[in-house]
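Chains A and B, in that order, are what the protein sequence lines are. Under my numbering, the residue at position 215 of the first sequence is numbered 215, and the numbers go up by one with no gaps. Under my numbering, the residue at position 13 of the second sequence is numbered 1013, and the numbers go up by one with no gaps.
Bear in mind the hints are in silico, worked out from the structure with no lab data behind them. Since the model is a prediction, treat every value here as computed from it, not as a measurement.
Label-pair distances were calculated between CB atoms; the ranges are: (1) A:Ala119 / B:Ala1038: 39 to 45 Å; (2) A:Ala139 / B:Val1053: 24 to 30 Å; (3) A:Thr41 / B:Leu1071: 42 to 48 Å; (4) A:Ser180 / B:Ala1031: 33 to 39 Å.
Cβ coordinates follow ideal geometry from the N, Cα and C atoms, glycine included.
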Amino acid sequence: MIDSPLAIAPVFHLGPVPITQPVIATWIIMALMSLFSIVLTRRLKLRPGKIQATVELVTGAIDQQIGEVVRADPAPYRALIGTIFLFIFIADWSSLIPGVEPPTAHVETDAALALIVFAATLYHGVRCNGLVGYLKTFAQPSWVMIPLNLVEQITRTFSLFVRLFGNIMSGVFVIGIVLSLAGLLVPIPLMALDLLTGAVQAYIFAILACVFIGSAVSEGQAARAPAAAPDPSQARSNP
Amino acid sequence: MTVEEISILSAAIAVSFGALGPGIGEGRAVAAAMDAIARQPEAAGTISRTLFVGLAMIETMAIYCLVVALLVLFANPFVQ
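Model the full assembly from the supplied sequences, consistent with the hints where possible.
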C-alpha cells in the first residue's frame, strides 16, 4: 500500500456497484462478530463456563467505562458503543492476517462509523430531552453560541473519523514503506506498535462516542435543572 | 521549482511543524497526569481515561496536518 491512501481499486462489480477490498473485509468481520455473538449467547447458564465468563468480563468492562462517562445506566448505550469498540478493535487487528488491509485504514469506513455516532448523538439527545429540549441545548449558554455549537457538531464528527483514519492508515503506510526499503521481517516492531495504536484508537473512538452521546443527554438536563436548583457556584463550594 | 517539488516540500513542512506543537502539548499533559496519579493513585482510572480523551483531542491537530500533507501529495488540485 504505497499508492494513494485515498483511492482504492474495486475488486469486482456487483451489478453497477463496485465492491472494494475494505468492504469485503468489513463484511467478513461483521459476519464473524454476528456468528460469535449468536453462538456465545445461545446457551447462557447461571453458573458460567470459561467462555461465558470471558464474554461477561468484556461486557462488564465496557459497561463500567460507559457508566463512568455518562454517569447513568449504561444499558441504552451498551449495544452501540460495545459494537463500535469491538468492530474497530477487530478491524485494526485484522492486519495481523497476511494479505488483509484493515478496513479502518480507508476513509470511507471511518466516515461511516462517525456518521453512525453522529446519528446516535442526535437520537439519544432527542430521546432524552424531546425535540424542542434538544434544540434548546444549542442555545446554551446564550443564543450567541448557536453557530459555534452547530459548527462543533460537524467538526467533532469530522475529527472523530479523521483521527482514526490518520492513525491506522499511517501505520499501514509506514509498514509498506519500511518493507519496500528494508525488506522482510524488519517492520515487525512497527507492526507491534501498530497493534497498540489500533487498540488505543478503538478505545478512544468508543469513549469519544460515549462522551458525545453523554453530553447530548446531560446538556438537556442541565438546561432544565437551573430553574429548580440553587446557585451552582454555592453548591460547588459547599458539597 | 515545479509544482510537484513545492508540494513535497510543503507536505514535509506541514508534518514537521504540525508535529511540534502536539508533541509538546502531549508531553505536558502526560507529565501532569503522572504527577496527579503519583499524588492520588486511587483516582488513576478517572485520570487516565480523561488523559486519553485529552490526548486524542491534542493529537487531532497533528492528524489534521497529516491530512493536509496527504491531500497535497495525493489529491493536489494543481497537479494533473
